[in-house]
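Participant: Given these sequences and hints, build the entire structure.
The listed protein sequences derive, respectively, from chains G and P.
Read left to right, the first sequence gives residues 1 to 241 (the working numbering).
Read left to right, the second sequence gives residues 242 to 470 (the working numbering).
Hints in this document: simulated from the structure, not taken from any laboratory.
Among the hints, a few may not be true.
Just a few of them, taken from the derived set where beta-carbon distance is under 7 Å, the chain G residues facing chain P [unchecked claim]:
#1 Leu76
#2 Tyr84
#3 Phe205
Some residues of chain P that are not near chain G, with every Cβ distance over 10 Å (derived) [stated by the list, open to error]:
#4 Pro252
#5 Val270
#6 Arg291
#7 Glu372
#8 Ile388
#9 Arg395
Fair warning: this is a prediction, and the values are worked out from it, not measured in the lab.
Glycine included, each C-beta is placed from N, C-alpha and C at the ideal position.
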Amino acid sequence: MATSSQGILDLLSPYPPGWGGVLLTGAASTVAISAGAFLIGLLLGTGGALGKLSGIRPLRLLLELYTTTVRAVPELILIVGLYYAGMDGLNRLLAALSLPAFELNGFAVAVAVLGFVQGAYMTEVLRGAILAIPVGQIEAAKAFGMGPQLRFRRIILPALLPNALPGLANLWMSVTKDSALVAVVGYQELALATRLAGASTKHYFIFFLASAFIYLALTLVSNALFNLLERRVRRGQPKLA
Amino acid sequence: MTFSWISAYWPLLLTGAWQTLSLLAISVVFGFIIAIGLAFAQVSGGPILRTLARGYCTFFRGTPLLIQLWLLYYGVGSLLPVIPGIRQSLFWPILREGFFFAAVSFTLNYAAYEAEVLRGALLAVPKGELEAGRAFGMRPFTLTRRIWLPRAIRIALPTIGGEIVMQLKATPLAFTVTVMDLYAVATKVRQDTLLVYEPLVVVTVFYLIITAIIARSFRFLEAQVPVRR
Numbered sequence: 001m002a003t004s005s006q007g008i009l010d011l012l013s014p015y016p017p018g019w020g021g022v023l024l025t026g027a028a029s030t031v032a033i034s035a036g037a038f039l040i041g042l043l044l045g046t047g048g049a050l051g052k053l054s055g056i057r058p059l060r061l062l063l064e065l066y067t068t069t070v071r072a073v074p075e076l077i078l079i080v081g082l083y084y085a086g087m088d089g090l091n092r093l094l095a096a097l098s099l100p101a102f103e104l105n106g107f108a109v110a111v112a113v114l115g116f117v118q119g120a121y122m123t124e125v126l127r128g129a130i131l132a133i134p135v136g137q138i139e140a141a142k143a144f145g146m147g148p149q150l151r152f153r154r155i156i157l158p159a160l161l162p163n164a165l166p167g168l169a170n171l172w173m174s175v176t177k178d179s180a181l182v183a184v185v186g187y188q189e190l191a192l193a194t195r196l197a198g199a200s201t202k203h204y205f206i207f208f209l210a211s212a213f214i215y216l217a218l219t220l221v222s223n224a225l226f227n228l229l230e231r232r233v234r235r236g237q238p239k240l241a
Numbered sequence: 242m243t244f245s246w247i248s249a250y251w252p253l254l255l256t257g258a259w260q261t262l263s264l265l266a267i268s269v270v271f272g273f274i275i276a277i278g279l280a281f282a283q284v285s286g287g288p289i290l291r292t293l294a295r296g297y298c299t300f301f302r303g304t305p306l307l308i309q310l311w312l313l314y315y316g317v318g319s320l321l322p323v324i325p326g327i328r329q330s331l332f333w334p335i336l337r338e339g340f341f342f343a344a345v346s347f348t349l350n351y352a353a354y355e356a357e358v359l360r361g362a363l364l365a366v367p368k369g370e371l372e373a374g375r376a377f378g379m380r381p382f383t384l385t386r387r388i389w390l391p392r393a394i395r396i397a398l399p400t401i402g403g404e405i406v407m408q409l410k411a412t413p414l415a416f417t418v419t420v421m422d423l424y425a426v427a428t429k430v431r432q433d434t435l436l437v438y439e440p441l442v443v444v445t446v447f448y449l450i451i452t453a454i455i456a457r458s459f460r461f462l463e464a465q466v467p468v469r470r
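Facilitator: What follows is the structure, given as structure tokens:
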């Protein structure tokens, strides 16, 4: 390689001649997008799981359509398709209400689109987790006269968490990685920031390696956090031999 | 919705579909071979081999495929011409193509995920069956070839089907490195005809059909191997 190690440090330094700052800002927006999408997915997923288990037939069929299509279509196509469909739909709605059209903020679109995708996967994870709760526990809650809301908060939620957490952890990992796809529709997060840094310095290899390690660090840290969380929600459960 | 453009673009769509499917086939076949090595390194390798294989899997599973693809295409691709004589060599026409880089990065990525699946499956093979093989006087290699690996693959079969579908869904990324796959063809059609959704719908239907075929063939494959419950 032509560059000395000093050169690499200069390139990655966080202050303007170096590109480290750009990469770190990109990483921060990657985390922000992922967290937003994860939360939206969690809301959609909870609604979806409860809807699928509710036994209302049209609702169930609708949710079935949502989860199967989202899970069968490549993420990139979903993101590109929803990106345009979302923009288009919103502007048509605004036109119908005779409001001026506007360009959506890229961050909001990225979060909404990835959240929509996450929601489909979360629906399945949460549905499975609810189904894995022993029926007796819910029956006991009913026998004590708990209403549906209280039952959900006190019994179902704490009982489903240990079942759902591994799946949720996987989904978090996949959304941090899927957020890189937003680069393709042009929103600047870590992947696009890296490409920018590479293109303007021609040191593609160093920058992509650096951003790969940022993603890796993100994965390893969240892995550790999810392990702690799982230990917490599993407290009091009997250990397997 | 207008689909009249298909008549003009179908040869391009076909070549695109062919590129997508060959990327899938190449990465699954070669990735699986690498994965077998990685899985055995983790299960029965020495400490150095084990750490290396672990590190490989952690790296490739912990970073986005898009970054790996760009690292190879832009990063390694920009370093390659430095090697003296490579431009004159026989391999240059291949090394110049985005397809080569896409195939390599998809293969390495698939290998990491598949190795993890196989590692679990190798550990799940009942000990008694391996002991029976040893009692028959099988050498370690024969034991692996005849009992350990086939049993592990049988155990992993449903997961492998899922992994292949995941790999299929990753293939459109190749268009970012100038591969003319089906998705890239759809993007070209969108630019030419100014249709926003129709080309995406066609690509989606293609992916749904391939997913269904993969799922069906794995159900068929699973039914071929009797399993005692």
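Participant: Look at each hint and say if it fits the structure.
Facilitator: Going through the hints against the structure:
1. Leu76: Leu76 of chain G check passes; min Cβ-Cβ to chain P is 4 Å, inside 7 Å.
2. Tyr84: 5 Å, holds
3. Phe205: 3 Å, holds
4. Pro252: Check passes; 22 Å lies beyond 10 Å.
5. Val270: 20 Å, holds
6. Arg291: Correct as stated: the minimum Cβ-Cβ distance to chain G is 18 Å, above 10 Å.
7. Glu372: 22 Å, holds
8. Ile388: It holds; Ile388 of chain P is separated from chain G by about 27 Å at its closest Cβ, greater than 10 Å.
9. Arg395: At about 24 Å from chain G, Arg395 of chain P clears the 10 Å cut-off, so the statement holds.
Comparing the model with each numbered hint stated earlier shows that all of them hold.
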